[in-house]
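Take the sequences, apply the hints, and build the full model.
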Amino acid sequence: MRVVSSLLVAAAAARAYTTNSQLRLAYHGDDGMMVSWNTFHQVQNPSVHWGLSQGRLNNIATSNVSITYPTSTTYNNHVLISGLEPGTTYFYKPTPLMKNESTEIFNFTTSRRAGDNTPFSVAVVVDLGTMGSKGLTTTAGAPVASTNVLQPGERNTIEALESSLADFDFLWHAGDIAYADYWLKEEIQGFLPNTTIEEGAAVYESILNEFYDDMMGITASKPYMVGPGNHEANCDNGGTKDKAHNIAYDSSICMVGQTNFTGFKNHFRMPSDVSGGTGNFWYSFDHGMVHFVQLDTETDLGHGFIGPVEDGGSEGFFDVEPVNATMNAQTTWLEADLAAVDRSKTPWVIVAGHRPLYLSDSGAICPECKDVFEPLLIKYKVDLVLSGHSHVYERQAPLAEGKEDPNGLENPTFPWYVTNGAAGHYDGLDELQSPRQPYSRFALDTFNATYGWSRLTFHNCTHLTHEFVASKNGTVLDSATLFKARTCDQGSKHY
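For the sequence shown, our numbering begins at 80 and goes up steadily by one.
In short, the hints are calculated from the structure, not lab data. Positions of the beta carbon are idealized from the N, C-alpha and C atoms, including for glycine. Possibly wrong hints are sitting among the right ones.
Estimated spans, in silico, between C-beta atoms of each pair [what the hints assert, rightly or not]:
no., residue 1, residue 2, range
1, I276, E510, 23 to 33 Å
2, K320, S212, 18 to 28 Å
3, G395, G232, 33 to 43 Å
4, N325, N186, 47 to 57 Å
5, F562, I276, 28 to 38 Å
6, E510, H324, 24 to 34 Å
When the alpha-carbon atoms are kept at most 20 Å apart in a straight line, the in silico PhoX-like pairs for lysine-lysine are as follows [stated by the list, open to error]:
no., residue 1, residue 2
7, K460, K563
8, K482, K458
9, K458, K563
10, K449, K482
11, K482, K460
12, K460, K449
13, K424, K563
14, K424, K460
15, K482, K563
In structure tokens, the structure reads:
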């Protein structure tokens, strides 16, 4: 009964604390937008009023999707708005919101039509956690290095992204969202007040709520495209050690609702239904001159491999199952998806997965992922592969089977690799090995004490620039441009 009472207290605290409805958007083709938000009670028919101007929200979309899970303090509401025009700004208002008296009208812009060759930029983060009193701030527990906390007055990555909304079309977050599973680690280190294991379920949910509250300044107007990381899997990151008391915890301590990616499955609705993928785990979408692909490096690798966080996987998790019962479902889908890309409309193909295939941190590399995904990335000439997992930044050369492309970034045949897990979370950054791998071109780690995000700019069909943007001041600390020798489709339009 203690866990029930603690969750009731947490729900009451959430009502007192939460100032918004955690609004978030996701593309659903170029003519749809998924609108999601949270309420304290189940809603029979969540609704979104929308239109082309603030004063004329004369359309309404509804659904019957208002779902929760045993330890959650809120309900997740999901409504699809369809029949929209590509590349068009709409105004919208979900109902009900947590504050019924709210009169604020929000807006979003739909996806660019495939084949639109207008230049645009995208923001990319991996390993972005809660900021402030429950996450990354100016202090931390005793074992945390001084380089892994913020300086007084330092701007964090969520604040940096919110101040740069005009600079990108959408935010892509390839796994490790909020780091709510750090609750026990933060308590053991003395950063959060000590609770019981049963009460920890409420702490976990409070960290999630604080993160999604903070993110709404971005996600209410910019689509928030997400993928799975290991920290979404359960409430205890696969295991936490209390060295002072010689206690080793594992994910068997997790309450019902905080295992098997439950919160992640409930909170988001990615466009897998219109791309043949599976849930929020793997899917694809077109946006202008680019085909974007999100992969799942955590489960469902197939081909005899057990995903790192699955039962029996390399990280010792419990109660994590494959998300698709079909054998080799993910790679079968990936090959079909890549084979179907019309490079005359979307010449650029960009893939993201949480774990890196290459990095100057051998412990963070996913060899099973490399075995199953890399042959397809090479075969279908993927341009750029993005990852995180290790809390560092490293730009690498174009690579195939461990070999560098002799052309470098000047019309390479091999995929280009960039890892950026330096967005920030409680206890911060990791250390790269020294010397770095020969294929490393630029890197930042804990010794640089710099958090940041990636900005991808698609100039045209031949030039793509990747930049590492320091969150604290917006400085671009690394920039590189990929050139592909191809003829741009003159029939493409600036819609």
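Consistency of the hints with the structure:
1. For the pair I276 and E510, the beta carbons lie near 31 Å from each other, so the given range of 23 to 33 Å is met.
2. Taking the beta carbon of each, K320 and S212 are about 24 Å apart, inside 18 to 28 Å as hinted.
3. For G395 and G232, the hinted distance range of 33 to 43 Å is satisfied, since their beta carbons lie about 40 Å from each other.
4. In this structure, N325 and N186 meet the distance hint of 47 to 57 Å, their C-beta atoms being roughly 55 Å apart.
5. In this structure the supplied range 28 to 38 Å is violated for F562 paired with I276, their Cβ-Cβ distance being about 54 Å.
6. Taking 24 to 34 Å as the suggested C-beta distance range, the pair E510 and H324 conforms, at roughly 27 Å.
7. Among the hinted pairs, K460 with K563 is consistent with the structure: their alpha-carbon atoms are about 11 Å apart, no more than 20 Å.
8. This hinted pair checks out: K482 and K458 have alpha carbons roughly 15 Å apart, not beyond 20 Å.
9. The hinted pair formed by K458 and K563 meets the criterion: a straight-line CA distance of about 16 Å does not exceed 20 Å.
10. At most 20 Å may separate the alpha-carbon atoms for a hinted pair to count; K449 and K482 meet this at roughly 14 Å.
11. With a CA separation close to 15 Å, the supplied pair K482 and K460 stays within the 20 Å bound.
12. Simply put, K460 and K449 have alpha-carbon atoms about 15 Å apart, close enough for the 20 Å limit, and the pair holds.
13. This hinted pair checks out: K424 and K563 have alpha carbons roughly 15 Å apart, not beyond 20 Å.
14. Distance check on the hinted pair: K424 and K460 sit about 15 Å apart at the alpha-carbon level, within 20 Å; holds.
15. Restraint check: the Cα-Cα separation between K482 and K563 comes to about 19 Å, which is no more than 20 Å; the hinted pair holds.
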